[in-house]
Each structure stands twice: as structure tokens, then as C-alpha cells.
Amino acid sequence: MTDEARDQAPAIELIGIDKRFGSVHANNNVNLRVERGIIHGIVGENGAGKSTLMSILYGFYEADAGEIRVNGAPVRISSSREAISHGIGMVHQHFMLVQTLTVLENVMLGAEGGALLARGADALRAKLAELEREYGLEVDPDAIVGELSVGLQQRVEILKALVRGAEILVLDEPTAVLTPAEADQLFEMLRLLKTQNKTVIFITHKLREIMRLTDRVSVMRRGEMVATFETAKTSPPELADAMVGRKVILRIEKGAAHPGEIALEARNLVVRDDRGVTRVDDVSFTLRRGEIVGIAGVAGNGQSELLEALAGIRVLTSGEILLNGEKPAVELRNPKGMRALSVSHVPEDRHRMGLVMPFQACESAMLGFQDDKVYGGGLLFNRAAIVADQARKMEAFDIRPRAPLLKTANFSGGNQQKIVLAREIERNPHVILVGQPTRGVDIGAIEFIHKRLVALRDAGKAVLLVSVELDEIMALSDRILVVCAGRITGERRPEDTNQQDLGLLMAGVSEHAA
Amino acid sequence: METFDAAIVILGSGIRLAVPLILACLAGLWSERSGIVDVGLEGKMLTGAFAGAAAATLTGSAWMGLCAGVLSTVIISLIHGYASIDQRANQIVSGVAINMVADGMTAVIGNAWWGQGGRTPQLDDSAMFNPIDLPFAQSFSGVPILGSIYQHLISGHDILTYAAFALAPITYWVLYKTRFGLRLRAVGENPAAVDTAGISVRALRYGAVVICGVLVGLSGVYLSVAQAAYFQPHMSAGKGFIALAALVFAKWRPLPALATCLLFGFLDALSIRLQGFVIPGLGEVPVQAIEALPYVLTVILLAGFIGKAIPPKASGIPYVKER
Numbered sequence: 001m002t003d004e005a006r007d008q009a010p011a012i013e014l015i016g017i018d019k020r021f022g023s024v025h026a027n028n029n030v031n032l033r034v035e036r037g038i039i040h041g042i043v044g045e046n047g048a049g050k051s052t053l054m055s056i057l058y059g060f061y062e063a064d065a066g067e068i069r070v071n072g073a074p075v076r077i078s079s080s081r082e083a084i085s086h087g088i089g090m091v092h093q094h095f096m097l098v099q100t101l102t103v104l105e106n107v108m109l110g111a112e113g114g115a116l117l118a119r120g121a122d123a124l125r126a127k128l129a130e131l132e133r134e135y136g137l138e139v140d141p142d143a144i145v146g147e148l149s150v151g152l153q154q155r156v157e158i159l160k161a162l163v164r165g166a167e168i169l170v171l172d173e174p175t176a177v178l179t180p181a182e183a184d185q186l187f188e189m190l191r192l193l194k195t196q197n198k199t200v201i202f203i204t205h206k207l208r209e210i211m212r213l214t215d216r217v218s219v220m221r222r223g224e225m226v227a228t229f230e231t232a233k234t235s236p237p238e239l240a241d242a243m244v245g246r247k248v249i250l251r252i253e254k255g256a257a258h259p260g261e262i263a264l265e266a267r268n269l270v271v272r273d274d275r276g277v278t279r280v281d282d283v284s285f286t287l288r289r290g291e292i293v294g295i296a297g298v299a300g301n302g303q304s305e306l307l308e309a310l311a312g313i314r315v316l317t318s319g320e321i322l323l324n325g326e327k328p329a330v331e332l333r334n335p336k337g338m339r340a341l342s343v344s345h346v347p348e349d350r351h352r353m354g355l356v357m358p359f360q361a362c363e364s365a366m367l368g369f370q371d372d373k374v375y376g377g378g379l380l381f382n383r384a385a386i387v388a389d390q391a392r393k394m395e396a397f398d399i400r401p402r403a404p405l406l407k408t409a410n411f412s413g414g415n416q417q418k419i420v421l422a423r424e425i426e427r428n429p430h431v432i433l434v435g436q437p438t439r440g441v442d443i444g445a446i447e448f449i450h451k452r453l454v455a456l457r458d459a460g461k462a463v464l465l466v467s468v469e470l471d472e473i474m475a476l477s478d479r480i481l482v483v484c485a486g487r488i489t490g491e492r493r494p495e496d497t498n499q500q501d502l503g504l505l506m507a508g509v510s511e512h513a514a
Numbered sequence: 001m002e003t004f005d006a007a008i009v010i011l012g013s014g015i016r017l018a019v020p021l022i023l024a025c026l027a028g029l030w031s032e033r034s035g036i037v038d039v040g041l042e043g044k045m046l047t048g049a050f051a052g053a054a055a056a057t058l059t060g061s062a063w064m065g066l067c068a069g070v071l072s073t074v075i076i077s078l079i080h081g082y083a084s085i086d087q088r089a090n091q092i093v094s095g096v097a098i099n100m101v102a103d104g105m106t107a108v109i110g111n112a113w114w115g116q117g118g119r120t121p122q123l124d125d126s127a128m129f130n131p132i133d134l135p136f137a138q139s140f141s142g143v144p145i146l147g148s149i150y151q152h153l154i155s156g157h158d159i160l161t162y163a164a165f166a167l168a169p170i171t172y173w174v175l176y177k178t179r180f181g182l183r184l185r186a187v188g189e190n191p192a193a194v195d196t197a198g199i200s201v202r203a204l205r206y207g208a209v210v211i212c213g214v215l216v217g218l219s220g221v222y223l224s225v226a227q228a229a230y231f232q233p234h235m236s237a238g239k240g241f242i243a244l245a246a247l248v249f250a251k252w253r254p255l256p257a258l259a260t261c262l263l264f265g266f267l268d269a270l271s272i273r274l275q276g277f278v279i280p281g282l283g284e285v286p287v288q289a290i291e292a293l294p295y296v297l298t299v300i301l302l303a304g305f306i307g308k309a310i311p312p313k314a315s316g317i318p319y320v321k322e323r
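These protein sequences, in sequence, are chains A and B.
So the first sequence is numbered by this note's numbering: it starts at 1 and just counts up by one.
So the second sequence is numbered by this note's numbering: it starts at 1 and just counts up by one.
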């Protein structure tokens with residue numbers, strides 16, 4: 001290949017990349033072309049396959065099928081070392097840093113420049129000083145990484161890539177952990193890199209950042225690359241549409257709602273995650289008996305944290321939650337206490353929070369209610385009662401196979417979800433918090449679950465539905481709250497809105513009128 | 001002058017008792033700094049002691065004993081490494097298994113070969129590591145205090161003792177001043193960072209495990225071919241565990257490890273010296289109380305009273321690429 005052809009070739013070309021993890025098709029025949037010297041965004045919901053794709057590019061996983069071309073030449077990347085040698089640098093979502101080592105040691109790792117550290121260290125100090133001048137990447141080389149702020153740690157990750165001579169820099173959700181000011185600095189720096197003819201691939205699920213920063217943007221949805229746009233020629237609603245996808249609209253038979261008294265009221269809730277980043281930012285709303293309130297939003301905008309806070313799992317930073325107009329006693333503000341107050345919770349991720357996969361179905365079906373008298377109530381469990389109780393629920397919820405002793409993991413996604421649902425609903429709670437009730441669930445089970453939720457509403461229960469499936473939100477909700485970046489950006493009635501309207505609210509454009 | 005002489009004797013004895021601790025502790029340090037927890041030090045020490053004594057008996061050469069002892073522990077270390085690194089087994093279970101197998105096998109094989117209840121025959125002086133007199137030890141003996149210290153504390157130890165004292169700073173130097181050491185420290189804290197930097201986690205951990213085998217082998221050989229002149233079942237008598245306690249106490253750092261092992265060695269020497277010693281008005285000194293001190297000190301440390309002992313973050317966790 002001549003130098004000229006090399007210069008014109010795209011920096012990265014991914015052709016037909018395919019990757020499965022067990023039954024999950026993480027990347028399905030993905031094609032991507034990234035031109036040199038631009039900032040190319042990749043946007044998609046959590047779990048759309050963005051990180052997997054980039055991990056394949058960086059040699060962390062190997063694709064089952066497909067081809068990678070760097071500067072037009074086909075390459076095989078089966079380890080990070082090879083990716084580095086092709087000029088690819090990666091800033092991982094979870095930093096690949098050693099907390100107990102200094103900045104210098106972290107940057108050196110894998111690029112020490114000799115068996116003894118001393119000589120390489122001197123050269124590296126000079127190099128760091130140079131990068132600091134060039135890009136304003138200021139950081140004390142002798143500071144212990146674990147003592148730095150998250151923003152500075154990210155800077156160390158970027159330095160690691162640059163010191164290794166990266167021409168193509170991949171950043172995986174880099175702003176997720178940053179304060180707005182830190183994010184601004186990062187963007188500034190990425191633009192500077194672009195002027196040096198470096199290529200930046202920027203992964204995010206935040207449309208605002210895509211619009212602000214990128215030159216081109218590719219959209220991923222459920223493992224597939226669905227579209228690529230010139231950023232200047234697209235808009236947040238168009239991107240939101242592509243991300244969420246238009247599907248056959250689900251129709252659910254349901255009559256008008258008859259909202260009753262306020263069952264749950266959230267007042268100015270603020271929730272921070274484990275890293276101290278504010279995920280729920282001053283959220284207030286009410287939930288009445290006999291209505292379903294849907295919370296719509298692109299995944300990762302604070303819905304999960306909100307749901308966990310309401311269920312008593314996550315501690316509120318500030319604000320208060322009222323049940324039937326009263327503030328629960330302090331000792332009840334935990335999952336067990338909330339359950340005792342008749343608030344049930346179907347968690348978003350049944351694998352992580354809802355079930356214990358190696359347990360038998362009947363054991364998974366008593367989690368959280370293990371002290372219930374039905375199961376024995378005392379020191380010993382009444383095994384026969386546990387099995388009988390689950391057999392009854394399996395009949396009522398049509399859980400197949402009807403095998404209370406089968407391992408939870410051996411049920412299909414839909415039936416696992418029904419196990420959780422049966423557990424949480426059957427005790428006749430007043431408030432039901434439901435997260436992603438139909439994620440990874442087959443059509444038949446979706447219908448069943450939706451009907452159940454409507455039936456609960458009609459029975460006078462208050463249902464809060466968090467879902468990233470807009471169709472589900474539209475079909476089930478009596479009121480829709482849209483969240484973006486931890487704030488409620490709008491409230492709509494399903495009959496007064498449409499996907500475009502919700503898409504704009506989800507993208508954080510809250511001023512526009514319906 | 002009498003107390004001074006007594007002190008010199010106790011200190012000298014403390015140094016000798018500290019040597020196997022230092023070697024085993026450094027062995028554990030290498031392993032755990034790479035992320036492989038090693039509770040099998042005790043069993044490896046015993047194996048090294050047996051193989052060393054057996055080979056020295058058969059060949060009449062201390063050096064052959066040393067080679068055999070080290071070889072045996074390197075092999076066991078590699079088994080532990082294979083279980084921990086490639087098979088992702090529970091490292092505690094693997095280590096405990098090593099302890100149990102070593103304890104039984106050494107006694108059984110020893111008894112089968114020599115028929116003395118597991119004890120190996122007494123080694124000749126020529127088949128042992130003998131004390132080395134440093135230059136001028138005799139001529140300085142007349143100098144008060146310093147002469148005595150030089151003659152009885154610094155001079156007159158065997159080669160393994162000097163090796164143990166040299167290995168602590170060497171470990172420090174390799175760990176903190178070389179590429180291998182940097183990578184090793186990193187892999188025990190965050191193997192994913194090492195992996196994404198294009199370095200093999202597996203190779204590093206195997207390297208560490210082999211070094212661990214060599215060092216703990218030396219400690220075993222010291223027991224049977226330098227300190228005693230034979231192997232005897234259970235002769236490590238918990239020293240592997242004390243070495244582990246010292247490792248925690250030293251917070252996985254080489255030079256503090258040396259100091260801690262010396263402290264524990266002196267406590268051991270003191271407890272031997274105080275056997276049957278009657279303090280007026282109090283009665284006999286309970287030796288067990290002093291023997292338990294290393295453990296008590298370690299527990300106090302772990303409880304957070306003397307700073308905080310934070311182990312390498314990835315130790316005990318097999319490295320699996322995560323989704």
C-alpha cells in the first residue's frame with residue numbers, strides 16, 4: 001500500500017463483527033467505519049453492545065467472526081499488546097489503574113523501557129512534561145493514583161494511551177464519572193487531540209455529549225449497528241428514535257384509570273451513587289392508588305437509582321419519601337422495612353438482585369419473605385409448605401415448567417421474571433415498584449406480565465413502572481414521567497404524546513411544548 | 001557483664017530462630033504480592049526440610065540437599081500455582097491441602113526409607129551448612145562489647161543465615177526498582193490493568209510462585225541441614241504460619257518483614273530462655289504467653305490498633321476477563 005492510499009484509508013474499519021456470550025448476541029454483524037482525524041461517537045443504550053465492540057477492537061475479547069482493518073490494512077488483534085502496537089489506545093469505563101502505585105508507575109506499566117525502572121522513569125518524566133505542555137494534561141507524576149480525583153485518574157488513563165503512541169483513542173463512557181466541569185475539560189482536550197490528526201472514538205449513551213462533541217455518530221441497538229449520521233445533519237430526536245427503535249406497538253386492553261388517594265409521594269429526592277456522583281437530582285412526584293405511572297428515559301439516567309431508593313436499597317442523600325402521607329420511621333427505611341410497609345419491588349436486573357440463580361425455584365421465591373409464617377416462621381423452615389406455596393404460585397402465574405424444585409437458572413427469562421413477579425405481587429402490596437418487567441422476556445410472557453400489571457392497577461394498587469421500552473411505557477402508563485440526567489424533564493399523558501415528543505424529553509430538551 | 005552476655009546469647013539464638021521465618025515470610029511476600037495467597041508455606045517448609053535432609057543424607061553434600069529441598073518446594077509451588085492460576089481454584093483450599101499432604105507424606109516416606117519413625121539419620125558435619133567465622137572474629141574478641149557483638153552476633157552463622165538477611169534488601173530492590181517488580185506489584189493489585197497494558201498476568205504469577213518456592217525451600221533446608229542435623233516429622237512446628245502472621249504484620253513489605261521476623265525470632269528465643277524462670281512474687285513465667293505473642297500482636301494489628309494492614313487487592317482472586 002502506498003503512503004497516499006494509507007493516508008486516505010479510514011483509521012478503523014470493522015466489518016461483520018459478531019460476538020456471542022452464551023445466549024446473548026452482544027454484537028450481531030456489526031460494521032463501522034471511522035475516518036481519520038475526527039471524533040466519532042458511538043451511542044446506544046446500556047447493553048446495546050458498544051463496550052463489547054470496543055473490547056474486541058482492543059483485543060480484550062476476540063470476535064467470533066468479522067474483520068478489523070487499521071489504516072486500511074487487515075489486522076488480527078487478539079491481545080491488548082497487539083492493539084497497542086497498531087496505535088490503538090483505550091480509556092476503559094472502569095479505569096485500568098493500580099490504585100496503590102504512583103501516576104508515573106501506572107503510566108510506565110508495560111512500557112518501562114528497560115529491566116531497571118530508573119532510566120525509563122527519567123525518559124517518561126520528560127515525555128509527561130511534553131504532553132502536559134502540548135495538551136494541558138497536568139498531573140503530578142509522583143502522586144498516588146488512588147488519592148487522585150476521578151477526573152485526574154481518567155487523565156492518567158489518557159496519558160497511558162498517549163505515551164504508548166496511540167493514534168486512535170477509544171473512550172468508553174468517559175463522562176459517566178465526571179463532574180460537568182471535568183467533562184468540559186475532557187472535551188477541550190479531545191478537540192485538541194483532533195487537531196493533531198488523532199482519531200477519537202467516543203462511546204456514550206448521552207445524546208447531549210454526542211451533539212456537542214462529535215463529527216459523526218453511529219447508533220447501536222441490541223447488538224446491531226443501526227445507523228451512522230453526520231452529527232451536524234442529525235438531531236437528538238432522530239438519534240433517540242434510532243437508539244430506542246420503532247417496534248410494533250403493543251396494544252393492551254385497559255379501561256380508564258380511577259386514581260384514588262396518594263399512596264406514595266417523593267419530595268425533592270437526591271441520590272448519589274457509590275462514587276458520589278449525583279444520579280437522582282431533585283425529583284418529586286406522586287403516585288396514586290389505581291394508577292400506573294411510567295418512568296421513561298434512556299437507560300442510565302438515574303431511573304435505576306431512583307427505583308432502588310424508593311425500595312429502600314439505596315440511601316437518600318436528601319429529600320423524603322412519604323407513604324400514605326406519612327414519613328416511614330427511620331428503622332423501616334430499608335428493603336425489609338419497606339416490604340413490611342407493603343411496598344414491593346421487582347428489581348430491574350433479576351439476575352443481579354431478584355434471584356439467586358443456583359437456588360431452587362421455591363427458594364428463590366421466598367427471598368426477602370423468609371421470615372414469613374407461611375414458611376415456618378421460626379428457627380426451621382417448613383419445607384413442605386415452601387414447595388406447596390411455590391406450586392400454587394406457579395399455577396397462578398403459569399410458570400413453566402411447574403417444578404418448584406428446579407434450579408432457578410434453568411427457567412427461561414420470562415419464567416424467571418414470573419417467579420419474581422409472583423413473589424412480589426402475591427402478598428397483596430399497596431405499592432408496586434417495577435423495573436424493566438419485560439427485559440429479556442418472550443412475547444407471550446410480556447403479554448401476561450402486562451395484563452397482570454393492569455389488573456393490579458384496577459384492583460386499586462399504585463404501580464410505578466420504570467422501563468426503557470417506550471412502547472411498554474406508552475401502552476401501560478396512565479401518566480408518564482420522563483427523566484434525563486437524573487431530573488424529570490416532563491410529564492405527559494400517553495394519549496397526548498408520541499415517540500418524538502418523548503424522545504425530545506429523554507434527550508433533555510425540557511422547554512419544548514407538546 | 002553477665003546480663004550483657006546473656007543478652008548476646010538470647011539475641012544470637014533469636015537470629016537463628018528468625019532465619020526460617022525470614023525466608024518463608026519473603027516467600028509468602030512474593031506470592032501474595034502477585035495475587036496468589038499462600039497458606040501452604042508450612043507444608044512447603046516441611047517438604048523442603050525433608051527433601052533437603054534426605055538428599056544430604058544420601059549424597060553427603062549439604063549443597064545437594066539444598067538443591068533437592070528447593071526443587072521439591074518449587075514443584076509444590078507450581079502445583080499450587082496451576083490450581084490457582086489456570087484452574088482458578090480456591091487458593092486457601094489448595095494451600096491447606098498442601099499443608100496436610102506434606103505433613104503426612106514426609107513422615108510416611110521418611111519412615112519407609114529409614115525406619116526411624118520418620119526421622120532421617122543424623123547428618124555428618126560435612127553434610128551440613130556450618131557456621132562461618134568472619135575475618136578477625138577471634139582477634140576482635142578482646143574488644144569490650146563490640147568485639148563480643150561481632151564475634152557472637154554478626155560472625156559465626158551459616159551461609160543460609162547470611163543469605164536470608166541479604167534476600168530482604170534484594171527483594172526490596174527487585175520489587176521497587178525493576179520492571180519485573182513493578183509489574184508484580186501491579187498484578188497483585190489490579191490484574192486487569194496489567195492485562196490491558198499488554199502484559200501476561202499468567203506468566204507474572206507463575207514467576208512469583210516459582211520465586212516463592214525457591215525461598216520457602218531455603219527455609220526448609222535451613223531447618224534440617226543447618227539448624228538441626230536431621231529431619232523429624234512436624235519439625236516446622238507452625239513456623240510457616242508465624243511467617244504468614246509476620247507478613248501481615250509487615251504489611252507485605254520486605255524490610256518490615258525482616259524486622260518483624262527478627263522480633264518474632266527474639267520472642268521465641270526469650271520464651272525458651274525463660275522456661276522455668278521464676279519471677280519473685282509472681283511465680284513461674286508462663287512460656288505459652290510469650291510463645292503466643294506473635295499471634296497476639298498480629299491479631300492486634302489486624303484489629304486496626306497499629307495502623308491498617310491492607311493486603312494486595314487482588315490476592316486470592318483468580319483473574320478472569322470480565323464482560
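Take the hints with a grain of salt, since some may be wrong.
Said to hold, decoys possible - For each label pair, taking beta carbons as the anchor points, the in silico distance ranges come out as:
id, chain 1, residue 1, chain 2, residue 2, range
1, A, 444, B, 251, 56 to 62 Å
2, B, 288, A, 62, 56 to 62 Å
3, A, 342, B, 251, 32 to 38 Å
4, B, 309, A, 378, 47 to 53 Å
What the hints assert, rightly or not - Cross-link-like lysine-lysine pairs, in silico, DSS-like; alpha carbons within 30 Å at most:
id, chain 1, residue 1, chain 2, residue 2
5, A, 254, A, 233
6, A, 407, A, 336
7, B, 308, B, 177
8, A, 127, B, 308
9, A, 254, A, 127
10, A, 407, B, 321
These aren't lab readings, by the way, just hints derived from the structure by calculation.
Built from N, CA and C at the ideal position, the CB exists for glycine as well.
So, going through the hints one by one against the coordinates:
1. A/444 / B/251: 56 to 62 Å: 58 Å, holds
2. B/288 / A/62: 56 to 62 Å: 59 Å, holds
3. A/342 / B/251: 32 to 38 Å: 50 Å, violated
4. B/309 / A/378: 47 to 53 Å: 41 Å, violated
5. A/254 / A/233: 40 Å, violated
6. A/407 / A/336: 25 Å, holds
7. B/308 / B/177: 25 Å, holds
8. A/127 / B/308: 36 Å, violated
9. A/254 / A/127: 67 Å, violated
10. A/407 / B/321: Holds: residue 407 of chain A and residue 321 of chain B sit about 26 Å apart, inside 30 Å.
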